[in-house]
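Trainee: In case you want the letters, here they are:
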Amino acid sequence: MNNQGLFYFLLCVWLIAMTSCGSSPVGTAAPGKLATASTPDTSNWPSSFAFGHTASASYIDSIDIDIAPDGKGLPAGSGTATEGQTVYAVKCAACHGKTGAEGPFQKLVGAMGDTTKAKTIGNYWPYATTLYDYIRRAMPFNEPGSLTNAEVYQLTAYLLHANQIIDATTVIDAGSLPQVQMPARALFVNDDRKGGPEIR
Amino acid sequence: MSTSDNHQPEPGAGKKIHRRTILGAAASAVAIALVKSSGGQLVPAAVPAATPVAKAGAPVVPADATKVQGAVHGTLGTRSGFEQLKKKPTDTSSRSPLQDFHGIITPSDLHFERSHGGVPVIDPLKFELLIHGMVDRPMVFTLRDLKRFPSVSRIAFLECSGNFRGNKEEMTPQDICGLTSQAEWTGVMLSTLFREVGIHPKATWFLAEGSDAAVMTRSVPIHKGWEDAMIAYGQNGEALRPEQGYPARLFLPGWEGNTNVKWIRRIEVGDKPWMTREETSKYTEPIKDGKIRQFSFDMDARSIITFPSFPQQVEKGWIEIRGLAWSGRGKVVKVEVSTDAGKHWQTARLQEPVLDKAHTYFRYLWPWDGRATEIASRVTDDTGYTQPTMQQLLQARGRDMGGYHLNPVTAWVIKGDGRVLFKPEKWK
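As they're listed, the protein sequences go chains V and A. This note's numbering applies: residue 205 is where the first sequence begins, and numbers increase by one. This note's numbering applies: residue 815 is where the second sequence begins, and numbers increase by one.
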């Protein structure tokens, strides 16, 4: 079963479970099914415990920082590689090297076919949006969360250009970033191990 | 079987312990003080409260422990000063001393650790878990809220998917695969919280996010959330250790360690994976034909003999071979042990309880004739999967095989003089 098939299968399992719950407002465990640590017996549960409180939209916005591959979550603003070069030199080069290939920490630059075998944005990263998401949440390592949205766009553009994926003048923003085709994208496959005697 | 196999120089280890230091400690150990007993009466007691330990070494042993009062009781228990249990830390992880464990529960202070931004300090009173996205009611739960829900406990292992080292003979079980541990985890089932917020029928994934400096994120298929995922706040009967995600973490039984997001602050429900850095750039493994395998969640079955192991030395005669076996897919059904370099395999005894997705202790009694040989173990789980050799893994995944999800049969070389060495596995 491919991954999509698996999800539809699981979705069906879940829908069936939901339907059986739907017959009773309090929710039920399947009849005859033993309650275990992993499946609590919910037969005498209320439909809601009423613990916790509703999250306000502004609270959600304040911590919902993730970026999806389709660009959902990308903020306003934009940047180019040329702008990013200056920020990179000041805030990143000390740890990742003058051009992103020297270290001492994670090598960020190395095009497809790079013979050093290092895994880089250019030869291993499947989605360009991940770069924006990760730099904004975790870098610079010594001062995470300190970059402005504009700086993150600039650095994203700089690193994509350094890996020969975009031109120095390409404007990276919420519209263009999800469109960037990453060279390694086609290499990724879903887990094919599934238990049983076969070694994968 | 407890051995001092730590080859890392300890601070002060090389220093000579002066006789006067020991005598001084001993003298104060027998000083008499009057303390209040629990009944409120004054009673004589030896001070200080804990076992006197000479500055840089072993505890001070009285000539006859029956002739002097022992230490009084403290607010926390102590580990014998004779037991030198230690994690092996690096800047980003620390490994459990598997060779020192007599059972299946990892003492909480010896649980392995892995973090991408250090161990944060989080005020339990300010802790909040937000669940939002494809839900009917986006909600925030405080720690107090989480603890009010019906709770569950389960004993299960946790293992980093990057848990194999094997390039040299002088390696202990801790060095080879110390990034696995086991605890009793207590918390609220994620399904209970899912029910509370109302999950959209079209939701297929959720994102879990930590509140550490890495703001660690992983995408998890929603079915795991309904099946057996937990928001854990308890570890071996007390609150989680900070290194394990205090005050609350995601716990996904049997799934690679990194997905068990610690210091959890947010769960977003959606219908596609987010493709975070930790599920693309990291925690993915090159396999055959230049492909890269992604979302390899399940930890396949694995076992290791923890006794005898390097750097122990054994004697001719009866040896009880001991070890740990586990599977992220279910229960251990069989562990086999070979004492002749893999030519024959015999069934080991499994120690109850044999739990689902849990470290299981095994033993095999072996009369060693003193001749050089090789011993190894291999586990079979209830899906019918048998732990492969490194050669089998290479055949399946190819020469460019990545370093994640390596669970090869681990062999120990027993020398004629009883020395035990790891049999290195080189594949790159």
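Rather than coming from a laboratory, the hints here were simulated on the basis of the structure. Where hints are given, some of them may not hold.
Cut-off 30 Å, straight-line C-alpha distance, at most; resulting in silico cross-link-like pairs (DSSO-like, lysine-lysine) [what the hints assert, rightly or not]:
1. A/K1242 with V/K321
2. A/K1038 with A/K1148
3. V/K398 with A/K1148
Here the structure is a predicted model, which is why all the values come from computation and not from measurement.
Trainee: Is the hinted pair A/K1242 and V/K321 satisfied, with a Cα-Cα distance of at most 30 Å?
Mentor: holds (12 Å)
Trainee: Is it true that the CA of V/K398 sits at most 30 Å from the CA of A/K1148?
Mentor: Roughly 19 Å separates the two Cα atoms, so the pair holds.
Trainee: With a cut-off of 30 Å on the C-alpha distance, tell me whether A/K1038 and A/K1148 pass.
Mentor: Roughly 26 Å between the alpha carbons, so the hint for A/K1038 and A/K1148 holds.
In the structure shown, no violation is registered for any of the earlier numbered hints.
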